[in-house]
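Enquirer: As a plain string of letters, each chain reads:
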Amino acid sequence: MRATVLVRPKEGILDPQGQAVEDSLRHLGFSVGTARVGRVVDVEFDAPDAKAALAEVERMCEQLLANPLIESYEIEITGR
Amino acid sequence: MSERRPRIAVVVFPGSNDDRDAAWALGALGAEPVLVWHGEERLPDGVGAVVLPGGFSYGDYLRCGAIARFSPVMGAVAAFAAEGGPVLGICNGFQILCEAGLLPGALRPNESLSFVCRDVAVRVEQAGTPFTSRCRCGQTLVIPVKHGEGCWFATAGLLRELERDNRIVLRYAGDNPNGSVAGVAGVLNDRGNVMGLMPHPEHAVDPLLGSGDGAALLASLVDSARDRMPAAV
Chain A
1 MRATVLVRPK EGILDPQGQA VEDSLRHLGF SVGTARVGRV VDVEFDAPDA
51 KAALAEVERM CEQLLANPLI ESYEIEITGR
Chain B
1 MSERRPRIAV VVFPGSNDDR DAAWALGALG AEPVLVWHGE ERLPDGVGAV
51 VLPGGFSYGD YLRCGAIARF SPVMGAVAAF AAEGGPVLGI CNGFQILCEA
101 GLLPGALRPN ESLSFVCRDV AVRVEQAGTP FTSRCRCGQT LVIPVKHGEG
151 CWFATAGLLR ELERDNRIVL RYAGDNPNGS VAGVAGVLND RGNVMGLMPH
201 PEHAVDPLLG SGDGAALLAS LVDSARDRMP AAV
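Protein sequence lines, in the order shown, are assigned to chains A and B.
Take the first sequence: its position 8, counting from 1, is numbered 8 in our numbering, and each next residue is one higher.
Take the second sequence: its position 200, counting from 1, is numbered 200 in our numbering, and each next residue is one higher.
Keep in mind that the hints were calculated from the coordinates and are not lab data.
One or more of the hints may lead you astray.
Okay, the calculated beta carbon distance ranges per label pair [what the hints assert, rightly or not]:
#, chain 1, residue 1, chain 2, residue 2, range
1, B, G212, A, S24, 29 to 35 Å
2, B, S112, A, G12, 36 to 42 Å
3, A, S72, B, L208, 45 to 51 Å
4, A, S72, B, G101, 16 to 22 Å
5, A, R36, B, A79, 34 to 40 Å
6, B, V116, A, L54, 37 to 43 Å
7, A, D49, B, G27, 53 to 59 Å
8, B, R136, A, E44, 36 to 42 Å
9, B, C117, A, E11, 58 to 64 Å
10, B, G39, A, A20, 33 to 39 Å
Every residue gets a Cβ at the ideal spot worked out from N, C-alpha and C, and that includes glycine.
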C-alpha cells in the first residue's frame, strides 16, 4: 500500500515559515493572502485492504507523524 | 563529614551535544554524574535524578524530540518519573519530554525563524520545586539560550490550567527570545517532579564564563537527588 500524509500547523498556531513564504511571494508580485507551510510524508507499507490501510496510517499519525496539540493531518491512500 | 555525592544520570542520545557539559556542571556542584546511552533499557542503580541534555537528537528530524522519545531508555525515564524521581529536560531534553507527553505543550520554530544564541534573563516564578529550591520567587537569573525551536506553545485553556496550578516555573524577564506563549521558559508536570526549560543552566555555572546563575537550578536538582539517597548507616 501507499499513502500520502499531509501534516499542517493547526489553525491559530503561529506559523513563522508560512509568514516568511507569504512575504516572499508578495515581494515577487503575487497577490497573496496567507501561506502556511506543512509537511508531506509518503509511506509504503503492508495492509490487506484500503480500510485497514487507513487505520494503520492513522495510528502512524497519532504516534509519530503529527503532534496533535499543534498539527492536523490528512491521509490519502494513493495506491496498492 | 563531607556531603555524599548523589548519582545523576545524563542521557546521551545520538546528536546530544550538551551531555558532557551537563555532567561536568553536575559534578562541579557535588553530584556523581553518569552518562547513560539512549539504547539502555534501565537506568544505573541508585540514580537519584535524570537529566535529558541539549543537542539535536536524531538530527531534529520530523519534529525536535519526536524520534528520541521512542529511544529504549525513555521507558525507564518515564518509570523513574512515575515513581516521583526528578527529571530535568534542558532545551532538546525539554522538547523530548513534551513529545513524550511527560510535559505539557509543544515547542515550535522560533517566531523570528532565527537561531538564537545569547544570554537571557529569566524570572523564577516558583521556588518550591525540586529544580528551584535554591532560588527565590521573583529572582532573575541570567542564563544562555541557544535554539532554533524554543517557542513553547499551549492552548489558552492549557495555559490557564498551568498558571492556576503553579506549573510555570520560569518566564523570560523582558525580552522573549523565541515568541513562547506568555513568555514561558520552563514548565513542570502535574506532579511537580519533571521540568523542562529552554535556557541552558549547565552553561552558566561559573562566573568566569559570563554567569553562574544556572548553578542555582542545577544545585537544587543535586539537593533533590541527595534527598532520595538511602540514609547513611
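Enquirer: Now, for every hint given, state plainly whether the structure supports it.
Expert: Verification of the hints:
At about 43 Å, the beta-carbon gap between B/G212 and A/S24 misses the expected band of 29 to 35 Å. Taking the beta carbon of each, B/S112 and A/G12 are about 20 Å apart, not inside 36 to 42 Å as hinted. Checked against the hint of 45 to 51 Å, the C-beta distance between A/S72 and B/L208 comes to roughly 48 Å, which is consistent with it. Against the hinted window of 16 to 22 Å, the Cβ-Cβ separation of A/S72 and B/G101 comes to about 18 Å, which satisfies the hint.
In this structure the hint that A/R36 and B/A79 lie 34 to 40 Å apart at CB holds, the actual value being about 39 Å. The supplied range of 37 to 43 Å is met by B/V116 and A/L54, whose beta-carbon atoms lie about 41 Å from each other. Distance hint check for A/D49 and B/G27: the Cβ-Cβ separation is about 57 Å, which falls inside the suggested range of 53 to 59 Å. Remark: the range hint 36 to 42 Å for B/R136 to A/E44 is contradicted by a beta-carbon distance near 57 Å.
For the hinted restraint 58 to 64 Å between B/C117 and A/E11, the CB-CB distance of approximately 32 Å leaves it violated. For the pair B/G39 and A/A20, the supplied restraint of 33 to 39 Å holds, since their beta-carbon distance comes to about 38 Å.
In this structure, the earlier hints numbered 1, 2, 8, 9 are contradicted, and the remaining ones agree with it.
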